[in-house]
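Going down the list, the protein sequences come from chains A and B.
Position 107, counted from 1, in the first sequence is what my numbering calls 107; the numbers after and before it change by one each time, with no gaps.
Position 160, counted from 1, in the second sequence is what my numbering calls 160; the numbers after and before it change by one each time, with no gaps.
Where hints are given, some of them may not hold.
[Claimed, not checked] Lysine to aspartate or glutamate pairs mimicking DMTMM-like chemistry, simulated, CA-CA at most 25 Å apart:
#	chain 1	residue 1	chain 2	residue 2
1	A	Lys6	A	Glu19
2	A	Lys120	A	Glu17
3	A	Lys5	B	Asp190
4	A	Lys5	B	Glu19
5	A	Lys106	B	Glu282
6	A	Lys6	A	Glu128
7	A	Lys120	B	Glu280
8	A	Lys114	B	Asp281
9	A	Lys18	B	Glu17
10	A	Lys6	B	Glu9
11	A	Lys124	B	Glu280
12	B	Lys105	A	Asp34
13	A	Lys42	A	Glu128
14	A	Lys106	B	Asp283
15	A	Lys114	A	Glu20
16	A	Lys124	A	Asp3
[To be verified] Only part of the chain B face toward chain A is listed, based on derived beta-carbon distances under 7 Å:
#	residue
17	Leu59
18	Leu101
19	Leu102
20	Phe106
21	Ile171
22	Gly175
23	Leu180
24	Asn181
For the record, the hints were derived by calculation from the structure and aren't laboratory data.
Cβ coordinates follow ideal geometry from the N, Cα and C atoms, glycine included.
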Amino acid sequence: MLDLKKIRLMTRASVYEKEEGVRDMSRNSFFASDYVRYCLLKNFLAVTLSAFLILVIYCLCNVEYVMTLVAEVNLGQFFRKVIFIYILAVCVYTGIGVIAYSVQYKASRDRLRKYYRLLKLIEKCGQEDR
Amino acid sequence: MEGLLTFRENSIRFIKEYETWFRIGSRFVGMMFVFTCINNSIGHFAALSSLIATVLLSLICSVIPSGFIVFITGAVCAAHMIKLSMPVGLVAAAVMLIVYLLFLKFSPRQSVILLAVPVLMQFHLHFMVPVIAGLIFTPYAIVPAAAGMFLTRFLYYCGASASLAGTGSSINYEGIITALNNIFTQTFADKYIWVYAAGAAAAIAAGYLVGRASFDHARYIGLIAAAAVEIAFVFIAGAAVGAASPSVIAGAAAGVIVGAILQFFRCIVDYSRKEYVQFEDEDYYYYVKAVPKYLSRRGGQEKKKAAGPEQAEKRD
Numbered sequence: 001m002l003d004l005k006k007i008r009l010m011t012r013a014s015v016y017e018k019e020e021g022v023r024d025m026s027r028n029s030f031f032a033s034d035y036v037r038y039c040l041l042k043n044f045l046a047v048t049l050s051a052f053l054i055l056v057i058y059c060l061c062n063v064e065y066v067m068t069l070v071a072e073v074n075l076g077q078f079f080r081k082v083i084f085i086y087i088l089a090v091c092v093y094t095g096i097g098v099i100a101y102s103v104q105y106k107a108s109r110d111r112l113r114k115y116y117r118l119l120k121l122i123e124k125c126g127q128e129d130r
Numbered sequence: 001m002e003g004l005l006t007f008r009e010n011s012i013r014f015i016k017e018y019e020t021w022f023r024i025g026s027r028f029v030g031m032m033f034v035f036t037c038i039n040n041s042i043g044h045f046a047a048l049s050s051l052i053a054t055v056l057l058s059l060i061c062s063v064i065p066s067g068f069i070v071f072i073t074g075a076v077c078a079a080h081m082i083k084l085s086m087p088v089g090l091v092a093a094a095v096m097l098i099v100y101l102l103f104l105k106f107s108p109r110q111s112v113i114l115l116a117v118p119v120l121m122q123f124h125l126h127f128m129v130p131v132i133a134g135l136i137f138t139p140y141a142i143v144p145a146a147a148g149m150f151l152t153r154f155l156y157y158c159g160a161s162a163s164l165a166g167t168g169s170s171i172n173y174e175g176i177i178t179a180l181n182n183i184f185t186q187t188f189a190d191k192y193i194w195v196y197a198a199g200a201a202a203a204i205a206a207g208y209l210v211g212r213a214s215f216d217h218a219r220y221i222g223l224i225a226a227a228a229v230e231i232a233f234v235f236i237a238g239a240a241v242g243a244a245s246p247s248v249i250a251g252a253a254a255g256v257i258v259g260a261i262l263q264f265f266r267c268i269v270d271y272s273r274k275e276y277v278q279f280e281d282e283d284y285y286y287y288v289k290a291v292p293k294y295l296s297r298r299g300g301q302e303k304k305k306a307a308g309p310e311q312a313e314k315r316d
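Using the sequences provided together with the hints, build the complete structure.
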C-alpha cells in the first residue's frame with residue numbers, strides 16, 4: 001500500500017536535493033569562516049583584476065596626463081593615489097563580501113536543517129510502516 | 001473564478017508534466033529575443049548575426065547553467081564591437097568584465113534582469129522590469145537592472161564613436177584616445193541611466209517591502225505600489241535633470257499586469273477563510289496567520305479521491 005505522506009516528503013526532499021541542495025551541501029562542506037575566507041579570496045582577485053582594467057582604461061583615456069607625469073618623473077604621487085583607491089576598494093568589497101557570504105552560508109544551513117528534518121520524518125514514516 | 005482556478009490548475013499540471021521541455025523552450029525563446037536584439041542594435045559581425053548562429057547560440061544557452069548565459073551574451077557583444085573597431089571592442093569587453101566582477105558576481109541568478117532590460121528597451125517596456133523584480137527577487141535586483149541600462153547605453157555610445165578609432169581592420173591610433181574620451185564622457189553624462197537606476201531602486205524597494213507585508217493581497221498591492229513609486233520617481237527625477245521618459249507609464253502598467261498574472265500562477269490564496277492561531281513548542285511561542293490556498297472544487301474532489309478508501313474507513 002502506498003504511503004502518500006511518505007511520497008510527499010520524499011518528493012520534497014528529492015526536489016530540494018536536485019535544485020538548491022547541491023549548492024547548499026557544497027557550502028556545508030566548509031566551516032562558516034572557511035567558506036567566507038574562500039569567497040573573499042575570489043572577491044579579492046576579482047577586485048584586483050577590475051582595478052587593473054580600470055587603471056589601464058584610465059591611462060588610455062588620459063594618456064597625455066600620464067606621459068606628462070612620466071616626463072616630469074612625478075609618477076610617485078599618482079601611484080600613491082592609485083594604491084589608496086585600490087586599498088579602499090578592497091576594504092569596501094571585503095566588508096560587503098563578509099556580510100553577503102555570511103548571509104548566504106546561514107541561509108544554506110537553515111535550508112539544510114529543514115532538509116535533515118524532512119529526512120528524519122521520512123525515516124519515521126518508514127519505521128511506522130515496519 | 002471557478003473557471004480561472006480550473007484553468008490555472010490544468011496549466012500548472014501540464015507545465016509540470018513537461019517541465020524540462022518548457023524550461024528549455026522558454027530559455028530558447030528568451031535567448032532568441034536577446035540575440036536578435038543584440039544583432040539589430042550592434043550586429044556588425046555578419047557570421048554571428050546570421051539566423052543559424054543565432055539559433056545555435058540560443059540552443060546552447062537553453063541547456064547550460066544560467067550563470068554562463070551572461071558570459072556568452074557578453075562574448076557575443078564583445079565580438080560584434082571588436083569586428084566594428086578593435087580598440088573600442090577591447091575596451092567594451094573590459095568594461096563588461098569589470099561590471100560582472102564588481103557587481104554581478106554576488107548574485108548570478110538575477111542576471112536574467114540584466115538581459116531583460118535591453119530586450120524590453122526595444123519595445124519601450126524596460127520600466128516593467130523593476131516592478132516585476134520587486135515581486136520575485138531581492139532588493140539586490142537593482143544592481144543588474146542598473147547595470148543592464150548602463151551597458152546598453154555604453155554599447156550604444158561605443159558604436160557611435162567607433163569610427164573615430166578606425167573601423168574594421170584599420171586602426172586610427174590618434175583617434176583612439178578621442179573615441180574613448182567621447183564614449184566615457186557621454187556615458188557618464190547620460191542622465192537617463194541615473195533616472196532609470198533611481199526609479200528602479202525605488203520601485204524594487206517599494207515592491208519588496210509592501211509585497212512581504214502581512215496584510216491581505218499584499219503582493220498585488222506591492223505591484224501597484226512599485227509601479228506608482230517608479231512613475232513618480234522617474235517623472236520627478238526626469239524633470240529635475242531634463243531626462244523625462246513618458247514610456248514609464250506604459251512600462252509600469254505592463255509590469256503590474258504581467259506581475260499579477262505571474263503571482264496568480266505562483267500562489268493564490270483565499271483571504272476570506274484566513275485563521276489566526278497561537279501555539280507553543282519547547283523553544284518558541286507562535287502567532288500564526290494561516291491563509292488557505294484556493295483550490296478549484298474539481299481539484300479538491302480529486303484530492304479527496306486520492307486520499308482513498310482508508311480515509312473513508314477512518315471517518316466511518
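Consistency of the hints with the structure:
no.	hint	verdict
1	A/Lys6 - A/Glu19	20 Å, holds
2	A/Lys120 - A/Glu17	15 Å, holds
3	A/Lys5 - B/Asp190	58 Å, violated
4	A/Lys5 - B/Glu19	23 Å, holds
5	A/Lys106 - B/Glu282	23 Å, holds
6	A/Lys6 - A/Glu128	11 Å, holds
7	A/Lys120 - B/Glu280	21 Å, holds
8	A/Lys114 - B/Asp281	17 Å, holds
9	A/Lys18 - B/Glu17	17 Å, holds
10	A/Lys6 - B/Glu9	23 Å, holds
11	A/Lys124 - B/Glu280	23 Å, holds
12	B/Lys105 - A/Asp34	19 Å, holds
13	A/Lys42 - A/Glu128	48 Å, violated
14	A/Lys106 - B/Asp283	20 Å, holds
15	A/Lys114 - A/Glu20	12 Å, holds
16	A/Lys124 - A/Asp3	12 Å, holds
17	Leu59	23 Å, violated
18	Leu101	4 Å, holds
19	Leu102	5 Å, holds
20	Phe106	6 Å, holds
21	Ile171	13 Å, violated
22	Gly175	13 Å, violated
23	Leu180	5 Å, holds
24	Asn181	5 Å, holds
The structure is inconsistent with the numbered hints 3, 13, 17, 21, 22, although it conforms to all the rest.
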